[in-house]
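Here the protein sequences line up with chains A, B and C, keeping their order.
Everything in the first sequence is counted per numbering that gives the first Met the number 0, starting at 0 for the first residue and increasing by one.
Everything in the second sequence is counted per numbering that gives the first Met the number 0, starting at 0 for the first residue and increasing by one.
Everything in the third sequence is counted per numbering that gives the first Met the number 0, starting at 0 for the first residue and increasing by one.
Simulated from the structure, these hints should not be mistaken for lab results.
Values in this document were obtained by computation on a predicted structure and should not be read as measured data.
C-beta atoms are modelled at their ideal positions from N, C-alpha and C, and glycine is treated no differently.
Some hints here could point you the wrong way.
Listed below are several chain A residues computed to face chain C (Cβ distance under 10 Å; list not exhaustive) [what the hints assert, rightly or not]:
(1) GLN177
(2) SER253
(3) PHE280
(4) TYR281
(5) LEU283
(6) ASP284
(7) ALA285
(8) GLY324
(9) MET326
(10) ALA330
Negatives, chain B to chain A, calculated, CB over 12 Å [as the list claims (entries may be wrong)]:
(11) SER192
(12) GLN220
(13) HIS246
A partial selection of chain C residues facing chain A, derived with a Cβ cut-off under 8 Å [claimed, not checked]:
(14) SER130
(15) LYS132
(16) HIS157
(17) VAL158
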Amino acid sequence: MREITLSKAVNEAIAEEMRRDETVFVIGEDVAEAGTPFKILSGLVEEFGTDRIIDTPIAEPGFMGIAVGAAMTGSRPIVDLMFGDFLFLVMDQLCNQAAKAHYMSGGKLNVPLVLRTNMGATRRSAAQHSQSLHALVAHIPGLKVAMPSSAYEAKGLLKTAIRDNNPVVIFEDKLMYQDKAPVPEEEYLIPFGVANIKREGTDITLIATSSMVQVAEKAAEMLAAEGISAEVIDPRTIVPLDEETLLKSVRKTSRAIVIDEGHQSYGVTAEIASRLTEKAFYHLDAPVVRMGAMDVPIPFSPALEDITVPTPEGVAEMARKLCSGTMIHAA
Amino acid sequence: MPAKPKTNSEDYLRMYTQMARIRTFEDNANQLYLSAKMPGLTHMYSGQEAVAVGICEALKTTDKITSTHRGHGHCVAKGANFKQMFCELLGKEEGYCRGKGGSMHIADQANGNLGANAIVGGSMGIATGSALSAKRLGRDDVTVCFFGDGATAQGLMYEVMNMAALWKLPVIYACENNGYSEYTRTDEIAAGSITARAEAFGIEAFKVDGQNVLAVNDLAQKLVARCRKGEGPFFIELETYRYHGHHVGDINREYYRSKAEESEWKTNRDPITSFGTWLAEQGIATDAELKAIQEDIKADATAAVEYALSAKYPDVIEVDMHVYASAS
Amino acid sequence: MPHDVIMPALGMAQDSGLIVSWLKNAGDAVSVDDPLFEVETDKATMEVAAGHDGFVAALLAEAGQEVPVGEIVAVISAEKPDAPVSRAANSPPPAQTAPPEPAQIPAPKASAPPARHNTLAPQPGGRILASPKTRRLAIEQGLDLSRLVAAGHPQPFHVCDLDELRKLPDATTLTSAPTQYRRITATIPTSGFTDFLAFSRTENNGPDPTPSHLMAAFATSALREANDPKQPIQIRIETLFGPNPQLVDTDRFNATIQPENTQVVPHLILRDLTSSTITSLSLGPSKAPVLSVVANGEAYEITLVFTDAQLPDTLAIALITGFADRLSDPLRQLL
Numbered sequence: 000m001r002e003i004t005l006s007k008a009v010n011e012a013i014a015e016e017m018r019r020d021e022t023v024f025v026i027g028e029d030v031a032e033a034g035t036p037f038k039i040l041s042g043l044v045e046e047f048g049t050d051r052i053i054d055t056p057i058a059e060p061g062f063m064g065i066a067v068g069a070a071m072t073g074s075r076p077i078v079d080l081m082f083g084d085f086l087f088l089v090m091d092q093l094c095n096q097a098a099k100a101h102y103m104s105g106g107k108l109n110v111p112l113v114l115r116t117n118m119g120a121t122r123r124s125a126a127q128h129s130q131s132l133h134a135l136v137a138h139i140p141g142l143k144v145a146m147p148s149s150a151y152e153a154k155g156l157l158k159t160a161i162r163d164n165n166p167v168v169i170f171e172d173k174l175m176y177q178d179k180a181p182v183p184e185e186e187y188l189i190p191f192g193v194a195n196i197k198r199e200g201t202d203i204t205l206i207a208t209s210s211m212v213q214v215a216e217k218a219a220e221m222l223a224a225e226g227i228s229a230e231v232i233d234p235r236t237i238v239p240l241d242e243e244t245l246l247k248s249v250r251k252t253s254r255a256i257v258i259d260e261g262h263q264s265y266g267v268t269a270e271i272a273s274r275l276t277e278k279a280f281y282h283l284d285a286p287v288v289r290m291g292a293m294d295v296p297i298p299f300s301p302a303l304e305d306i307t308v309p310t311p312e313g314v315a316e317m318a319r320k321l322c323s324g325t326m327i328h329a330a
Numbered sequence: 000m001p002a003k004p005k006t007n008s009e010d011y012l013r014m015y016t017q018m019a020r021i022r023t024f025e026d027n028a029n030q031l032y033l034s035a036k037m038p039g040l041t042h043m044y045s046g047q048e049a050v051a052v053g054i055c056e057a058l059k060t061t062d063k064i065t066s067t068h069r070g071h072g073h074c075v076a077k078g079a080n081f082k083q084m085f086c087e088l089l090g091k092e093e094g095y096c097r098g099k100g101g102s103m104h105i106a107d108q109a110n111g112n113l114g115a116n117a118i119v120g121g122s123m124g125i126a127t128g129s130a131l132s133a134k135r136l137g138r139d140d141v142t143v144c145f146f147g148d149g150a151t152a153q154g155l156m157y158e159v160m161n162m163a164a165l166w167k168l169p170v171i172y173a174c175e176n177n178g179y180s181e182y183t184r185t186d187e188i189a190a191g192s193i194t195a196r197a198e199a200f201g202i203e204a205f206k207v208d209g210q211n212v213l214a215v216n217d218l219a220q221k222l223v224a225r226c227r228k229g230e231g232p233f234f235i236e237l238e239t240y241r242y243h244g245h246h247v248g249d250i251n252r253e254y255y256r257s258k259a260e261e262s263e264w265k266t267n268r269d270p271i272t273s274f275g276t277w278l279a280e281q282g283i284a285t286d287a288e289l290k291a292i293q294e295d296i297k298a299d300a301t302a303a304v305e306y307a308l309s310a311k312y313p314d315v316i317e318v319d320m321h322v323y324a325s326a327s
Numbered sequence: 000m001p002h003d004v005i006m007p008a009l010g011m012a013q014d015s016g017l018i019v020s021w022l023k024n025a026g027d028a029v030s031v032d033d034p035l036f037e038v039e040t041d042k043a044t045m046e047v048a049a050g051h052d053g054f055v056a057a058l059l060a061e062a063g064q065e066v067p068v069g070e071i072v073a074v075i076s077a078e079k080p081d082a083p084v085s086r087a088a089n090s091p092p093p094a095q096t097a098p099p100e101p102a103q104i105p106a107p108k109a110s111a112p113p114a115r116h117n118t119l120a121p122q123p124g125g126r127i128l129a130s131p132k133t134r135r136l137a138i139e140q141g142l143d144l145s146r147l148v149a150a151g152h153p154q155p156f157h158v159c160d161l162d163e164l165r166k167l168p169d170a171t172t173l174t175s176a177p178t179q180y181r182r183i184t185a186t187i188p189t190s191g192f193t194d195f196l197a198f199s200r201t202e203n204n205g206p207d208p209t210p211s212h213l214m215a216a217f218a219t220s221a222l223r224e225a226n227d228p229k230q231p232i233q234i235r236i237e238t239l240f241g242p243n244p245q246l247v248d249t250d251r252f253n254a255t256i257q258p259e260n261t262q263v264v265p266h267l268i269l270r271d272l273t274s275s276t277i278t279s280l281s282l283g284p285s286k287a288p289v290l291s292v293v294a295n296g297e298a299y300e301i302t303l304v305f306t307d308a309q310l311p312d313t314l315a316i317a318l319i320t321g322f323a324d325r326l327s328d329p330l331r332q333l334l
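Just chain A, same shape as in the assembly (with noise of 0.2 Å):
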C-alpha cells in the first residue's frame, strides 16, 4: 500500500469530499494560495478556486461565526484554525452558538461545519501555540471531536467530519504532518465513535489519543521484551467516545494507563480514567493512571518543553509499577 503524509491525507480528504458535494467549501487564514503555514492545502485553490477556499483577514470570532451562519443555510463549511490555542477566539461561536443551535431550535437548524485545528508541543513554538485543547471542547454537549492518530486516520475522519451534520472539531497533532502511514488508494471512512485496537495484550491496557499513540506503541515494545503484554488503544474519537472496547480490554487486563497530550489536570485523562474506575470497578487490580502533559504553561526552553509530554520511557516505567503491584501514591 502507497504511503502519504498525514499533511496529504488532509489534503486528499478536502478536495475528495469537495468534488462530491459543492456545498463543502474551506474558510480560514492563509488557506488559498499560501495553502496554511503548514502548507496542508496546497493545490487546492487552483482546482476549486477562491470561491471555495476562501482567505479570511485575522479575525477567528469572525470567520467561525461567519461559518456557523453558513452551515445554517445550506453550506458545508471546513473553518481552518491555524493554531488550536486560538480556541479560545472562536469559544463563543462554537460553544454558544453552533454546539447549542440544534437543540434549542428544537432540532430544526443544523450546522454541519468541521473545525480542523491541531494541537501538540514539543515544537519550540512557547506557550500559546503549543497548547492540546481537545477537552475544552469535549465538555460542550452538541459538538464532536475527533483525534487522528496517523494520516490514515486523518483521512478517514476528516471524510466522515464533513459529511457529518454536526458541529466537529478534529485536532491534528502538528508535528505529525511529515509523519508518512499506508492510506489505500480507494476510498474509506473511519466512523466516529469506534476505538481501534492497535496492539493486543494481557496484563495492562494503554489508552492514548493523537501522537501519543505511537508514545503507547512504543512504551509496549519496551515492555514486550521485559515480559509485559501491553494492549494499546486508540479511541479516535474522545466525542462519541467507544467506551465498550475501552471497558472490554480492562475486564481483560485489570489495569490502564490513559495517555493524551492535555494537562494532566481535568483532562480527558480524567474523564476516560474515571469512566473506567466507575464501570470496571470490580475488575482492577491497579488504580487507573492518567498520564497527561504537565500542569504548566508549556515552556520554551528545550530543555524543559520536553519533559512536559508523557515519553514512551515514563509510559513504560508507570506500566512496569502497576503490574507489580507497587504503590504509585501514599495508602
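Go by the hints and put chains B and C onto chain A.
Structure of chains B and C alone, referenced to chain A:
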C-alpha cells in the same frame, strides 16, 4: 410574502396589522411575566415595531434574518404565528423550538428566522455567514442582521463587517438604536458615530427615523433590491425607542431613564398611532376599521395565550433529544 | 575570512531540504544576491542566495542530496581559492524520526511475574488494603484476606496474592474442619426441680416461670460463680419447638434479651429437651458450649459438650456441677 406586487393599500394595511400584532404580543407577554405565569425573563420590543415591520415587509420568506434577545418583534414580523410563539415562551411542546429555546433563542426556520440570540452581537457572524451561503450557492437571498446600539461595542461586528465588505455579501446590518445599552445611555457606550463605523469599511450607511414605518420600508426595499444585484453589504441606523425596561423585570428605571422622556416618545412618536393617523388622512382606512383590526388581533392573542397556558410541556424523554443531528 | 552557507529552514514543518542543483561551480565568483543553489521543500522549489560577496571555495553537498536544516553546504571565501572543493555531504545524521537505539534487553522472562513491591504493614484499625478485583475474587472463592494479614503478607493485596493465600494451611475458614470436642455427663433426680416448679405456681401470683428460663438462670449463675462475676454472660436457650431466645445475665434482675437475628455468639447454649421423649443425647460441638438436659424416667440427664478452645476443662467441670446442684435443689439456689 407573495411575489407579485399588491396595491399599496394592502401593503399599508398589512404593515399596520403587523405592527399592531407585535404590540399586542408584547403586551400579553408582559402580562404573563407580571402575573408569574411565564418562566424566565423576556425583553419587550414595544415601541420599535416600525423597525422590524418596515424591514421585514421588504423581504421574502426565503430571505433570512437574525435576531437579538429582544426578538419577538422580528419573529412576528417575519411571519410567525401567536400560538407557537406563546407556546415557546412558556416552554411548551408546541413552541417553535419545542420549548427548548425560550424567548431568547426563539427561531422560526421555515420563515427564514435564524434565531434570537442571548449573546449580544452573537448573531452577527451567523447573519454574515448566511449571506455568504446565499452568494456561494447562487441564491438571491438577502440576510438582515438586527442588532442594537449596544452590540456596536462587540468586536465581532467589525470582524464580520470587514469580511462582508471584502466579499461583497448580500447582508444588511440594521442597528436599532434605541438610545440605551441595557441601563446605560448610548452616548456613554459608543464613541463617535455609529454609521461611520460601517463607512470605515467602505459600507454604505444610512440613517432613518425608526418610528416611521414607511420611511423604513422604503429604504429597506431599495437596499434589498441592491443587495440582490450584488451591491451589498449595507448598514442602516434606525433611531427608535423601547417603551419597557431592558427586560420585563426592569421596572424601577427612573435612575437611568426619565419618565418624561418615556412619555414623550409614547405620546408623540408612537409608530402605530402615527401610521394610523396617516392611513386615516390618506383615506386608506377609517379609525373604526383600524380599531377593528386591533380588536381582532387582541382576540387572536387572547385565544393564543389561553391555548398556550394549557398546552402540554414536552415529555421528559425529550431532554436529551436534539443534542446531535442525525445523518440526513 | 570564509563564510559558511547553510541549508536554511524554508517552511514551518521542514527538517531538511533537497538540493536540486547548484547554480554556481566551485571556484566561481559570487555576489551577495546571486542565487547559489536551488532547494526543493515540501511543495515548492526555491532559490537560495549566496549571502556574501566572494568566491565559492567549497561545495559540500551534491545535487540530489537531502541535507538537514542548519548544515553547512558551501563555503564562500573573500579571495579566489587555489583548490576549490566539491564533494558530497557527510552522511547525514539519523533523521529525527528514527527510533532511538533499543535499550539492552535481557531475554524475556516469559512466565515469571515481576518482583512484588508491596510494602505496607497491617493498617491501624484492621482495615485491609486490596484491589477491588482481589476483594471480589476473595468473596467469590471463599477466601479470607485477613489470613494473609495474619500470615504477615505486606499490603496492598493484588490478585496474585490470592495464590499465596490458597497455599496457607487451612486455606478457608468458612467450612470448619472437624475439631476435637469433649463431653461431661451428670445425672440428677427430677424431683427437686419439679417440686420447685409446683411450689412456684402455688406461691406466686405472677406468671408461671418458664422451666427453660430457670435452667438458663442456673447455668448462667454457675458459669458466673466459676469464672468472672462481672462479665455479662449471654446464653441461648434452645427448646424443642422454640422460640430460641438469646438472653444476657438471666441470673440477674436486669436480664436483657438480644434481637432475634443477632450474630453474636453466646457463651453457652442451653438445650432444654425435657418436654420431649428424648432420653439420651450424644451430639457434636456447636459454635458455643452446649448444655443439654433430657428427662429419662425419674432422672435428668445433663450433658455438656464443648471444645477445648471454647472452655477449659476445669471451668467445664465447675459449670456442669454448679448447674446440676442448682437444678437438683432450686430452692437452695434461690435462697
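A quick look at each hint next to the structure:
no. : hint   : in the structure
1   : GLN177 : holds, 6 Å
2   : SER253 : holds, 6 Å
3   : PHE280 : holds, 5 Å
4   : TYR281 : holds, 5 Å
5   : LEU283 : holds, 5 Å
6   : ASP284 : holds, 5 Å
7   : ALA285 : holds, 6 Å
8   : GLY324 : holds, 4 Å
9   : MET326 : holds, 7 Å
10  : ALA330 : holds, 6 Å
11  : SER192 : holds, 22 Å
12  : GLN220 : holds, 22 Å
13  : HIS246 : holds, 19 Å
14  : SER130 : holds, 5 Å
15  : LYS132 : holds, 5 Å
16  : HIS157 : holds, 4 Å
17  : VAL158 : holds, 5 Å
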